[in-house]
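From first to last, the protein sequence lines are chains L and S. Under the working numbering, the residues of the first sequence are numbered 1053 to 2484, in order. Under the working numbering, the residues of the second sequence are numbered 425 to 518, in order.
Since the hints were made in silico from the structure, they are not lab data.
No farther apart than 20 angstroms at their CA atoms in a straight line, the calculated lysine to any residue pairs in the SDA-like style are these: (1) S:K461 / L:D1651; (2) L:K1479 / S:E469; (3) S:K450 / L:P1496; (4) S:K461 / L:Q1633; (5) S:K447 / L:P1496; (6) S:K468 / L:H1512; (7) S:K502 / L:L1462; (8) L:K1513 / S:T470.
Computed spacing ranges between beta-carbons, pair by pair: (9) L:N1842 / S:G475: 30 to 38 angstroms; (10) S:Q492 / L:P1594: 37 to 45 angstroms; (11) S:G475 / L:I1705: 40 to 48 angstroms; (12) S:E499 / L:Q1829: 48 to 56 angstroms; (13) L:A1196 / S:E469: 26 to 34 angstroms; (14) L:R2356 / S:E469: 43 to 51 angstroms; (15) S:Q455 / L:E2448: 51 to 59 angstroms; (16) S:E499 / L:K1915: 34 to 42 angstroms.
Chain S is faced by these chain L residues, among others (derived, beta-carbon under 10 angstroms): (17) S1465; (18) F1469; (19) D1476; (20) P1496; (21) R1498; (22) Q1499; (23) F1502; (24) W1503; (25) L1506; (26) I1507; (27) Q1510.
Note that beta-carbon positions come from the ideal geometry of N, C-alpha and C, so glycine has one too.
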Amino acid sequence: MATVLLSSSPVMAALLRSARILLRSSAVLLRVPPGGARPCHYPKVASFDKRYLTNVGARLFSIATQQTGLSKEEPSTAVRSRQAQQFDWALNKLDSSVRRTGRITKTLLLKIFHDICRTGYPSGNQALLLLRSCGSLLPEIPPAERTELAHRIWDKLQSLGAVYDVSHYNALLKVYLQNEHKFLPTEFLSKMEAASIVPNRVTYQRLISAYCNEGDIEGASKILGFMKNNNLPITEAVFSALVTGHARASDMENAENILSVMKTAGIEPGPDTYLALLRAYAEKGDIEHIKQTLETIEKTNVSLLDRDLLQVIFSLSKSGHEKLVPDILERMRHDRGYIPDAMNLCLTLVTRGLEDTAFEVLKTFPSNHSEGQNGDAMDLGNFFLRHCVNMDKSIDRLKMYCRKLQESDLHTSALQFTLYCALDAKKTGMAVELMKEMKMDGLPVRQHYFWPLLIHHQKHKNVQGTSEVLRAMQELGLETDVDTYSNYILSSFDSLDSARAVLKEEGCSLDSPEFAAAELRIEASRGRLENVLSLLSSPVMPAVELGIFRGGLISGFRRSKDVNTMSKITELLYRDGRYCQTPSRPTDLVGFFLYNLIDSMSDSEVQAKEEVLRQYFHQLKEMDIVIPVNTYRGIRNLLDSYHVPELIKDVLILVDQESLKSSDLQKSPGSKVSELESNLRDLKAEGRPVRDVLKQLILALCAEENLQKALEVKETYEDDMALGGYAALINQCCRHGKAEEAFSLKQELNRKDSSATLDINKYLSLVKVLSKDGQLQDAVDILKEIKEKNVELRDSSSTSFFHILNASAMRGEEEAIKRLQDEIFTLDLAKPSANLCSPLVTVYLERGDLPGALDATMDCQKKYSQLPRLHDILCKLVENGETELLQKAMDFISQERGEMTMLYDIFFAFLQTKKYKEARRIIETPGLRARSGRLQWFAEKCITTNQVDTLEQLVEMTQKLFESDRDEMYYYLLRSYLENGDWKKAEVAWTKMQEENIIPRDRTLRLLAEILESGGQEVPFTVPETWYDEANVSEDVVSTTKEHKLRSSHTAVPAESHLDFQRRVISLCKRKKTADAYTILLEAEDKGITLSSAAYNILLKSLLAESNLEDAMKVKDIACTRIKGFTLSDAANSLLLITQGRRGHLKDAVNTLKSILQAERVPTQMAITRLVQGLGKAGDVEGIQEVEGLMEKLAQHIKLSRMLYINNTALAHIYNHNTDQAVEYLESVLTPAGDGTKSLLPLSSISFVFRRVLEEKLDSTLDKLSAMAERLAQHFSFYRPVTDLFLQLLDVGRVDDARLLLQRCAGIAEQRDILVSYITKVARNTGKAENITALLDVLPDFTDKEVAYAYLMKCYSLNNNCSSAKELYEKMLKENVKTDELCLKRLAVLLRNAGEPVPFTEPPESFKYYADKLRQEHQEHTSSSSSSSEED
Amino acid sequence: MSAASRKAFEVFVSKIPWTVATKELKEYFGQFGNVRKCLLLFDKETGFHRGFCWIGFSNEEGLRNALQKDPHVLEGTKLLVQRNRKVVFERRDK
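Bound-form chain L, shown alone (with noise of 0.2 angstroms):
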């Protein structure tokens, strides 16, 4: 193999070459550190970095939010791609779990194993990765175990239609090696040879292997024979596994012998040989032996790697001489990758119960391993103890680990760690036992470490066990906690008399304040309010604070409708002092109470509970309840912020009204500029004050961008003028671009009020408008007085400062934006970044000063551990040959940033200049280990900007590189290539993996089909993909498929075996050869041959998404009549639903529902989806409520909306003629319930019919409609459906009838949600950016215009549309928009393809990354505002 590699890569030649020519100029600095230039041979298929973990998981979430949008055209897209994902996610998983720690666990190989199953149609590639990990890859399984698991994926790929090829074999042949599994080679080679599959050199060598680990000499000549007969090169494993069949059979001389027969053969001995000879030793226990050779392997080339000795431990302890462990391990030498390979030794040793040897080895792991990466000590072992406490290892020995791990420093925390495991196995024994050792060594045992078993026991209602954990406790000395009784245990009974019964039997205190709190929250969470009120005015209830019982009481009362009992509960918290206990003054409890249970309360819930409140509020009047004005005004924001102004009033009544001011009566709603005006000179007249109308006046004014006007009004009345009309001003001012007359108005409003902050965006666009118009010293004064108010920064904020220096940088001011720039950061109003530090070098850049800008970018090192545009100047200096400021360059980062950084820096800059000699030279440094981050930055930036030379030069010299993720590095190649449509290129990248011995990533193989593809090439190999959803693209299929059938026709081979018939078609299928795949069936129906029930259900499949139903049906009947019993596979039956529905026999495709149904099958939720839809376009609303009652018993599992069934119910009325009926049904569907029941509302959107009127050009059903939607908004401010409409009726460009609708109905306008959702979903799907600015066109004053822009911005992008873009950004500039990283990315990326320049550094990083940046922010965001204040 090493042979021909050689001769046909000269690359590999080059890799080879012994003599490394280290650069020239700094061979001081590349120490290499011990180790580091062994070449490693770790197990694994790729390496993946963090980041791209976070993607997947990220992408995954925006899949599944697209999914819930159910109805438009296409969800079987985003179905099919999230099942790619999973798999995808599951597969990096399984990856970099073997990376870090050297095994998987049973439980995710699992996993994923099952998810292939549920997705079906195995591929090659996924049965592979399967089975290679059933080996010792698993080393906390015991071996029988494992091979079993093995057959279990075997046989189950094999029946879902996975096909084997020899790889298969040899992976199973490795499995059974590794575990050590006693079965006949003979007997493999015949089941190999009934499956037509011809052995290879592997498979031979593996077989001897097996023969030799059984001692049996005799039969591995047997094998070798047929080696030699067939003139297969007899390689040095062979020779390795004769040493160890010769010592197995207890002839050491023989052994021994083998390395001299090598040596005459030719071949030299070597690591694979040696390691036998010393296993071989070790099973014997002769240390003597294994001294002398290893002493021997150092005077040869030979080096053994830690992973080997390992391996001699490992026959030490298994052989039974673990004395002799030690010896070995000082031998260690710790190499990279020593880590995972030891941790999977000692999990070996520990499930063979070895576990004092596992330990030795644990106490031997390099010590810098336990430092976290930020210092803190982390701890060893934690896998070890874990692996122990499953394996139910004796309490003492647990404890015997835990101390000696303490003691040495190895573990902070040994026995918590311990006792996690333990809860977390719900090993309650042995987690007692534990608790009792640490209550000993004085640590605090507490009541949440018991919850782990309570919860256990509380889902079993398992009272036997609960009572345990009880005694357990009391044991321990642990009175238990209102948390513990109301969350974990009495939720195990039936009743809460049969808990007090049990409880008091085991000795609890039943009359604690703890168990007495437990109740209260028990009953009042069950909305039982009455027995509340029993327990809380009975004489024996124990003072509660309220606090511990709240959050259950208002989760009562909104349950609730009975004002009378809610009413007397809160008098009794208002006077009873054991509920509100001093200092807490009655009035503020209650107050604070009423607040938050509004504050619980969903708008449409207090809509609907409105009367029941107003009651509630009377009553708490007629029992002089008072509560604080605060209080009040909280609640009357919550309220107006519902809708529900009406209820203030009641609410009102209950504060003290004295302390009333009249502001706090009604929140004035905004008022028309005239209406304002007049107002105003009313008020001015009479001598009233007038602050509060000019203010709003103002704003007006400035939200009509009437700035002239507004300038007017503040000199008439300017002594009236208050803080928000000056920040108005001032803001449109910067807008305007007005610097003098902003700060004049900022000084004005100094004058008057000192004390005086304006918000920081306001600041920021002076600081902005200031500086551009020279005035420095007064934008550093405004930086000052930021800082000095302390203003509260955004996010946005150092986005606002980069855009501020950026400007300058462009007008060439290098001293404003070194001045700024101090003033920022020595103020601490943003932390130094990269981006920030970035104008001052950008300076120099433009204008092509080198020396200056290097000399920026190193003081912004030494001043704020930031090299801005480091990459630019290295590019510069390497093209101008500017040998020495290099190598000052070069110094200097790996001074301050170390070697390995500065060899990326350089070597990037090597190639982005084309110098690849030199670039080779670098990625070649012995010790240099791939960082995927730096590498994907760099294949990003080659494939926006169409480097294909570059990054193929990238990937071909990261080959040998130490980690270097193979499959990732030649996806970037591939995405290049597709970007080139150059299948080609692609074809000999496909060569080079193979080459390689790569195992591509399912989306790998994707892409480079899609390639192929594209360039009308066959592809050699088995796409992985759910390929039986194509169904839509049907016609490329066929017309290919015909292409196909002429092609193939004279290659057809005559098939013999059903194996081989199966085989032909399921492979035709799968390569979309249906027609063929059909004709084969044909020809073995002739033959009178059965097919197994996979390969019918796969042809089955292919016809249908061909739409063929015909013959999709003949398939059907011969396989009923062939095989008893024959039933459709899930996902074919789904497909015969929705091509039945497709092609109008709605009534057979619910009689197929309905066998569906009756075979306990499920059908998928788009298979559903169609035929309703069929259904209701046939107008049987009949069908319809037939199929939704069909399957409500399987609501559980497939989730649909009801609203599918509502839509295509009022479909179906419309196609009937009916409108009427439809708007009547819509409307009693839609109109909120009155009885507090929540109804759909919220979560209801009828686009789909809005859509399909639309489109049919149903006008009057339109208008009849939409008068519908505008009453549901009047009348019950359920903005919905009329907003729905709004965007229905601008997505088909009726941009007129929207604003004529927005006029009759404005609050569609404050529909942030529908309408930011609307923003993005045209983004994402259709791209269309005219979309968008209708939207915006018809909403002027939309409020998130950030969000707007941004997804204006991706839909530019999408379309390459630079001129628009670029018109976008000056506007967002203008308007003083945030423009986010991602934004400014795609700008750049578009203006840099057309040639432009970018005004502003380009966000360096890819657009994955900062797209998920800003989804983790706002997921941060989001799940910080979704918490409840629910306390303890």
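Given chain L's structure and the hints, the job is docking chain S onto it.
The following block gives chain S in isolation, referenced to the frame of chain L:
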């Protein structure tokens, strides 16, 4: 009392060791100011907490004190304490 001010003095704490619960956190953060709220979520499936919580102080001083301290070490473990992100005003009816 509005939603905005309620979140204003909050820190987000992560990397909390499993051995401590609400009580310990309240005690610890009590040294920086009056703790008005401590929201530590426990997983309904496992019975362990999720490793992060929100601490709300009654006033800005508490918040500032907590943010100034670095590192935060509780029972030998370093906690990660961050200013809570600003709240996006989401509509409530989900």
